[in-house]
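Sequences and hints are given; from them, build the entire structure.
Protein chains: 2
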Amino acid sequence: MDPRCIPERYFNLGVGEVVVHRNAGGNVRHALRDIGIVEELFHVAELAIVHHTDCGTLAFTEDQVRGGVKARVAREHWADVDRITFGANADLVESVKGDVAWVRAHPLISDRLKQGCQGFVFDIKTGEIEKVNV
Amino acid sequence: MDPRCIPERYFNLGVGEVVVHRNAGGNVRHALRDIGIVEELFHVAELAIVHHTDCGTLAFTEDQVRGGVKARVAREHWADVDRITFGANADLVESVKGDVAWVRAHPLISDRLKQGCQGFVFDIKTGEIEKVNV
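Each protein sequence line maps, in turn, to chains A and B. Quick note on numbering: this note's numbering labels position 80 of the first sequence as 80, and the sequence is numbered without any gaps. One rule links them: number in this note's numbering = place in the second sequence (from 1) + 1000.
FYI, nobody ran anything at the bench for these hints, they're computed from the structure. Take these hints with a grain of salt, some might be off.
Claimed, not checked - With a straight-line Cα cutoff of 25 Å, these simulated SDA-like cross-link-like pairs (lysine to any residue) come out:
#1 B/K1125 with B/V1093
#2 A/K114 with B/D1080
#3 B/K1114 with A/Q64
#4 A/K125 with B/H1043
#5 B/K1114 with B/R1022
As the list claims (entries may be wrong) - Pair ranges (Cβ atoms, derived):
#6 A/V93 with B/A1048: 31 to 37 Å
#7 B/G1127 with A/Q64: 36 to 42 Å
#8 A/E130 with B/A1105: 38 to 44 Å
#9 B/R1009 with A/F42: 18 to 24 Å
#10 A/V15 with B/W1102: 26 to 32 Å
Stated by the list, open to error - So the derived list for chain A, only partly shown, Cβ under 8 Å to chain B, looks like this:
#11 M1
#12 P3
#13 E8
#14 E17
#15 V18
#16 D80
Cβ atoms here follow ideal geometry from the backbone N, Cα and C, with glycine treated the same way.
Given below as C-alpha cells:
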C-alpha cells in the first residue's frame, strides 16, 4: 500500500500484464478470496509475493495499533478491535518466507499456482527487487 | 486488481501521493485492517473508493466461483470454500454506494475519514473517473 511503491514497476511490467492485490504488509493471507477469483476467471500460473523495505508494518506493534484505535472508539467496540490482527512485522525476509509457505500449504490454492509462487523483497531506496530463497 | 487499472492515475497522482489498497471488486469491507493501520500511522483525511467498469466481479456469481474451487479441492475443504464470500457484483454504482455507506456507519473508522470518504467509478474505456452521488 506504500505510496512509494508501484507494483507494476517491480518486474518491468506494463498496464495489462499483471493482476495486483495490495494490502498493508503485502500479506498474502488476506488475498485468499482474490486468489480464488483469479484462479477461476483466468489461467494464472505465477504468484509473486512482494514485501518492501521500510514497510509500515515493521514500524508498529499490534498493541500500538489496537491501543490507538481503542483510544478513539467507544468501549463497546473494543472486542471488535481485539479480533483484528493488524500484522505487525519484525523481519521482512521471514515474512516473505512465511507467506510463500502459507500458499504452498493452502488446500484451496491450486498446485499450479503453488508451484509458480515465489517471494521477493523490493528495496524502496534502490528500486531493486530481490528473490527470497525459501 | 484489474490489469488495466493503475490507481495512481485515477486522480492524476504520482508516486508518493497516495496509499493504495487493491482487492477484487475494490470492496472496502476487506480493507478495515488497512484503514486502521493507516489511521494510526498517518494523518489521513480522505478515502476514495473506486470501482471500475468491466470489473471481473460483475462477470461471475458466488455459486460459479465456489463451484469452480470445489471442483479442484478435496471434499473435506468444501465447508471452507462456503465460508468465503467472493463478492459477486450486480451493479457498479450500487456497490460503490454500499461501500461508502459501510464506511460512514463503521464504528472503528474515524469521523474525519468518514467525512472524507467519497465513491467513484473509473471507466476502463475512456479513462475518466466519475464521482458517485451517495
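Going down the list of hints, with the structure as the test:
Between B/K1125 and B/V1093 the alpha-carbon distance is near 17 Å, which keeps this suggested pair within the 25 Å criterion. This hinted pair checks out: A/K114 and B/D1080 have alpha carbons roughly 18 Å apart, not beyond 25 Å. The suggested pairing of B/K1114 with A/Q64 holds, with an alpha-carbon distance near 22 Å, which does not exceed 25 Å. A distance of roughly 23 Å separates the Cα atoms of A/K125 and B/H1043; the hinted pair therefore holds under the 25 Å criterion.
As the CA atoms of B/K1114 and B/R1022 are separated by approximately 19 Å, the hinted pair is consistent with the 25 Å bound. Between A/V93 and B/A1048 the beta carbons are some 33 Å apart, a value that agrees with the proposed interval 31 to 37 Å. Take B/G1127 and A/Q64: their Cβ atoms lie about 40 Å apart, and the range 36 to 42 Å holds. One distance hint, 38 to 44 Å for the beta-carbon pair A/E130 and B/A1105, holds here, with the actual separation near 43 Å.
Separated by about 23 Å at the C-beta atoms, B/R1009 and A/F42 satisfy the suggested range of 18 to 24 Å. Range check, A/V15 to B/W1102: Cβ separation about 29 Å, and the 26 to 32 Å hint holds. Of the supplied interface hints, the one on A/M1 holds, with its beta-carbon coming within about 5 Å of a beta-carbon of chain B, less than 8 Å. For A/P3, the interface hint holds, since its Cβ comes within 8 Å of a Cβ in chain B; the closest pair sits about 5 Å apart.
Against a cut-off of 8 Å between C-beta atoms, the interface hint on A/E8 holds, since the closest Cβ of chain B lies about 7 Å away. Given the 8 Å rule on beta carbons, the hint for A/E17 holds: about 6 Å separates it from the nearest Cβ of chain B. With its C-beta approaching chain B no nearer than about 6 Å, A/V18 sits inside the 8 Å limit, and its interface hint holds. Look at A/D80: its Cβ gets to within about 6 Å of chain B, closer than 8 Å, so that hint holds up.
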